[in-house]
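Need the complex rebuilt from these two chains, each delivered in its own frame; the hints are there to steer you.
Chains as they are written, first to last, in the numbering used here: chain Z, 1 to 287; chain B, 1 to 318.
Treat the hints as calculated values from the structure; they're not laboratory data.
Beta carbons are placed, not taken as given, at the ideal position from N, Cα and C, and that holds for glycine.
DSBU-like, lysine-lysine: derived pairs with alpha carbons at most 30 Å apart:
| # | chain 1 | residue 1 | chain 2 | residue 2 |
| --- | --- | --- | --- | --- |
| 1 | B | Lys248 | B | Lys292 |
| 2 | Z | Lys172 | B | Lys71 |
| 3 | Z | Lys172 | B | Lys13 |
| 4 | B | Lys82 | B | Lys13 |
| 5 | B | Lys292 | B | Lys237 |
| 6 | Z | Lys189 | B | Lys82 |
| 7 | Z | Lys189 | B | Lys104 |
| 8 | B | Lys237 | B | Lys7 |
| 9 | B | Lys82 | Z | Lys172 |
| 10 | Z | Lys189 | B | Lys71 |
| 11 | B | Lys7 | B | Lys71 |
| 12 | B | Lys71 | B | Lys113 |
| 13 | B | Lys7 | Z | Lys172 |
| 14 | B | Lys82 | B | Lys7 |
| 15 | Z | Lys189 | B | Lys128 |
| 16 | B | Lys128 | B | Lys197 |
| 17 | Z | Lys172 | Z | Lys189 |
| 18 | B | Lys13 | Z | Lys189 |
| 19 | Z | Lys172 | B | Lys104 |
| 20 | B | Lys113 | Z | Lys172 |
Stretches of chain Z that chain B covers, calculated by requiring three or more beta carbons in the stretch to come under 8 Å of a beta carbon on chain B:
| # | region |
| --- | --- |
| 21 | 178-188 |
| 22 | 193-206 |
Label-pair restraints from in silico Cβ distances:
| # | chain 1 | residue 1 | chain 2 | residue 2 | range |
| --- | --- | --- | --- | --- | --- |
| 23 | Z | Ser187 | B | Pro140 | 26 to 34 Å |
| 24 | Z | Phe169 | B | Asn122 | 32 to 40 Å |
| 25 | B | Gly18 | Z | Asn20 | 45 to 53 Å |
| 26 | B | Gln150 | Z | Ile37 | 42 to 50 Å |
| 27 | B | Arg199 | Z | Phe12 | 40 to 48 Å |
| 28 | B | Pro140 | Z | Leu120 | 45 to 53 Å |
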Amino acid sequence: MEPPQSKEKNEFFYFALRNNKLVIGLIVVFFFLVFAIIGPFLTEHDLNERAGPRNQPPSAEYWFGTTTFGQDVFTQFVYGLRAAFIVGLVGGGLATIVGMMVGFFAGYHGGMVDELLNMLTNTVITIPKLAVLLVIAAYLTVRGVIHESIVIGLWSWPWAARAVRSQTFSLKSRNFIDMARMTGMSSMKIIWTEIAPNMMSYLFMTFVLQFGGAVLAAATLDFIGLGPTEGISLGLMMQHSFNWSAIQLGIWWWFVPPGAALALLVGAMYLMNVGLDEVFNPKLRER
Amino acid sequence: MFLNLDKVTKVFKTGTFGGQDLHAVEDVDFGLTEGEFVSLIGESGSGKSTIGRMILRLTSVTSGVIEYRGKDISEFRRQSLKDYYRQVQGVFQEPFSAYNPIFKADRVFRNVKDEFFPEMDNGRWQDKVQDSLGAVGLNPDQVLGNYPHQLSGGQLQRFLIARALLLDIDFLVADEIISMLDASTRIDVLNLLADLKEREGLSILFITHDLSLGYYISERAMILYSGRILEKGVTEKIFRNPLHPYTKLLMASVPRIDKKWEEVEAELEEKQSDIDSGCVYRDRCSFQEKCKQCEEARPELREVEENHYVACHAQEED
Ligand SMILES: Nc1ncnc2c1ncn2[C@@H]1O[C@H](COP(=O)(O)OP(=O)(O)O)[C@@H](O)[C@H]1O
Ligand SMILES: [Mg+2]
Numbered sequence: 001m002e003p004p005q006s007k008e009k010n011e012f013f014y015f016a017l018r019n020n021k022l023v024i025g026l027i028v029v030f031f032f033l034v035f036a037i038i039g040p041f042l043t044e045h046d047l048n049e050r051a052g053p054r055n056q057p058p059s060a061e062y063w064f065g066t067t068t069f070g071q072d073v074f075t076q077f078v079y080g081l082r083a084a085f086i087v088g089l090v091g092g093g094l095a096t097i098v099g100m101m102v103g104f105f106a107g108y109h110g111g112m113v114d115e116l117l118n119m120l121t122n123t124v125i126t127i128p129k130l131a132v133l134l135v136i137a138a139y140l141t142v143r144g145v146i147h148e149s150i151v152i153g154l155w156s157w158p159w160a161a162r163a164v165r166s167q168t169f170s171l172k173s174r175n176f177i178d179m180a181r182m183t184g185m186s187s188m189k190i191i192w193t194e195i196a197p198n199m200m201s202y203l204f205m206t207f208v209l210q211f212g213g214a215v216l217a218a219a220t221l222d223f224i225g226l227g228p229t230e231g232i233s234l235g236l237m238m239q240h241s242f243n244w245s246a247i248q249l250g251i252w253w254w255f256v257p258p259g260a261a262l263a264l265l266v267g268a269m270y271l272m273n274v275g276l277d278e279v280f281n282p283k284l285r286e287r
Numbered sequence: 001m002f003l004n005l006d007k008v009t010k011v012f013k014t015g016t017f018g019g020q021d022l023h024a025v026e027d028v029d030f031g032l033t034e035g036e037f038v039s040l041i042g043e044s045g046s047g048k049s050t051i052g053r054m055i056l057r058l059t060s061v062t063s064g065v066i067e068y069r070g071k072d073i074s075e076f077r078r079q080s081l082k083d084y085y086r087q088v089q090g091v092f093q094e095p096f097s098a099y100n101p102i103f104k105a106d107r108v109f110r111n112v113k114d115e116f117f118p119e120m121d122n123g124r125w126q127d128k129v130q131d132s133l134g135a136v137g138l139n140p141d142q143v144l145g146n147y148p149h150q151l152s153g154g155q156l157q158r159f160l161i162a163r164a165l166l167l168d169i170d171f172l173v174a175d176e177i178i179s180m181l182d183a184s185t186r187i188d189v190l191n192l193l194a195d196l197k198e199r200e201g202l203s204i205l206f207i208t209h210d211l212s213l214g215y216y217i218s219e220r221a222m223i224l225y226s227g228r229i230l231e232k233g234v235t236e237k238i239f240r241n242p243l244h245p246y247t248k249l250l251m252a253s254v255p256r257i258d259k260k261w262e263e264v265e266a267e268l269e270e271k272q273s274d275i276d277s278g279c280v281y282r283d284r285c286s287f288q289e290k291c292k293q294c295e296e297a298r299p300e301l302r303e304v305e306e307n308h309y310v311a312c313h314a315q316e317e318d
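Chain B with its partners taken away, still in its complex shape (with noise of 0.2 Å):
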């Protein structure tokens, strides 16, 4: 494992004075080997992007630990940080807000020339650039010296993922990363990671609220609802055998790879509320009648077949 999650639980205070607690992530276990593409799956609010942010040091973590390659993340300064991210990166859903608006997209190269290769010629550095956003697919004269708002959403992200090639990345989150773009710049995009994932061997946790795209791309999957991760494992055992009944109901909700994520939403309107004790998924779950303990325990995950984990009650009585 090259990075390992272990009970990993960010709370929120919210409300005027601070004095709510809102669960984000709660007891977050998974770990990552090298050259791995895992899919991070959940609806919106679930806290995915809040694991990946913990995982790049941008979120603390309220309590549990996150290890890279043996070292706790949480005790990197300075020079340490830097190092991390010299290895680890992240691309986030909105391209345009990741660019200062009043600079030149390039800056963000720039940034990254400045912090981690300051004895770098000028030359040696173009050819680097050229040849990582020749990586991405993107033409140089066509994309250098403009800025932000005079390039594409697509042409945005994959600039920033040519960022993070400066810097032979070996992880990568891709949080949400094809969510604003369009349909014709989605596969490319979904492609580009692939393509990276086989030549450069990169690991990448791709954090989707979209359960076909974790099927189409991913070699594992966890399926997270209200801070929790509820079925973990193989991506094909789960989409072959769903156990969860969240899992479930999303696989009868998006059965096919051209539906749209809106559509199912609206099905799953009802709200995930912040449930104290007992089965996070309770209020919602088909099987409620079958088990008395929901109300009372968390399930935990259980390995249910090789590979293959679910965290529900309804799972441990047979």
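Pulled out of the complex, with its shape left as it was, chain Z reads as follows (with noise of 0.2 Å):
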């Protein structure tokens, strides 16, 4: 006979091949990760260096044009989307990570711990996002992206946490917990190894959003000022375009590419969450 879950993951690429949502995101999302990989060996400029004249418009030799400082374009791009995807794997990571163990822990102990684990993530959820970072703006004079992302991850886990707390609740109730506790095991292996492995398919679908979430917040961090000061990333070059009068001027090829990109990779990963969505619950497969 043939086992089945060979069959459930022939099953599972079947409609995750033929979901044109998840499909078209996966492509956009591939396609900007072998750009940051791949883009930096293709510059010989310096992020900041003056590379040529100022204001060019794309050419053979400046590829995506220069800024208004005679920087190249194209460098700045390809460094800023290697950010935005250490953002997105180090942030959403790093919420998904907390939000799960906040939520497996809340929604299988219940009681007690479950309130004060409440508490904590609506605390968490209602802290004046704005102040907390202009404390820690003024304090890290030097920040990089992976302060950033710390800063990002840790404050977007409540709702993972949530995500994670509901399910984990109902799965609890199930008898095979039940017959796993009176093996004597330790409540956090039940959790890791009878709960979790039935949640993958949410979880992963919760790390897509948070990584989305986590570009966009960063982006909007870096235009409000209160990004990187060392590097640089789409939305500083946003920033920087916009500081520098580029649309009144018409230098378009300053920020059409990080907004574009920055559009474009949030939307795939919003996309990608919609088709795994529709892939992993055959209730919504489309026809």
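Structure representation (structure tokens):
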């Protein structure tokens, strides 16, 4: 008899490859990922060096043109893409991991543990983010992309925690959890080996959403001047171009690439999430 | 007594803000001696599963004490809890949900190996698994390596009994384990239990809503209603001479083993209400005119003949 696991896997890929939303989202993300990985090898310029004349439109020599300071936009763009992926992975990853921990514990233990963790979750949700960021900005005068990612991760977990908690809560009442408890297994092990595997698709979708959310949050921070003080990011490119009136001066090549990449990347993440939902949830599958 | 329940009560907080109390189990006293087969009989919602789950440490006790071999089970932690589960196990009504759907059914064995026999080498473990599958009448080649949905309800329940046997248990809580099986398998699983009791000296708490099943299989029986034991004792005596009006009603409604419980429940359609004081059964009682106390005091279980107890004011008067 054919083991159903492999059958289920085939079924997953069958539906995944036929889901346009998922496929388009994956293609967009993959395209930018390749760009972010190999892009920096295609340019001989440095991030902030004066690479050529000011305000040059795209040409064979300066693929994406130059800025008001004569920096190469293509160089900034590919490093900015790298930063976006770092923020997505680290910020989104951290939010997913912290959210999972809190959600698993609250949902599994219930009672007092749940109430305390709920309080924590609600507190983090209601803390005025901007105030915290201003304080951080005041103290951390030198900030990199990683710092930013960690801050974003530490404030976006509550959403993931709530989602994981409610799923855990419903799985917990199933008899197989009782069977595991009747071996004297530790609650950590039960959560990890019995509950989490049932939520793989869900956890993965949570991560995809958090990834998109983190990239967007970073862009916002950069744009209002709370971003990294070192290096470059798509949001910083946008901020600089706006500060130097790129729109009014018609230097579109300065802000269109980062803006379009942000919109497409975040959009692709949300599209993938919807697509994954349809693939994992047979009731939503398109015919 | 190797298992003893003393005034065990379970109150669930219900309602939106946990403001209401639901007395699922109230002042339940009973004991089990080694190798005994005892039935706990009651209609749906009477608190049977809650009692089983409290014994298995899956639900906490609100008040009262459950002792196993003289030790309060609520005090068991890590190692002592593990030792408890080495001796006491449960099998439940719904066979499918006892298996994690994304893993093979054998995982329940694997968990037992990992938790209780981490040292044992795989060859010896496989022999042990084959033995216990044999003991429950399953062919290892047919059942091992399958996913839960590829096995029948009867196979899954036997599988779980085999899992319990891997542990050399002394006591099994069997909570309506045959009610979801089809008629032909029910009798087989039932006979398997009786057989295990004979061969292995296993004690069994057999939870059922089916009076005739309780009679068929057990030495002693308890009749539960709205969380309270109304009558308990040697099965023969309860069935020959039912004293509580509720037991009488049950007996009258289930005269033969072939009668479906669904039909009986239709006859007993009135809902059990959570009565704060007085006799829990008074709203439905057929003796009602006979005694005034029913509204004021909860009747206690009293021994009316040797090894036959009943909680009814009407039985106290004469
Ligand atoms: N976890 C729980 N929370 C709240 N109420 C519960 C819970 N478990 C059981 N109950 C209630 O306790 C009563 C007894 O339930 P149960 O022990 O499952 O009865 P039975 O097994 O005899 O059908 C029912 O009214 C049920 O709704
Ligand atoms: Mg039940």
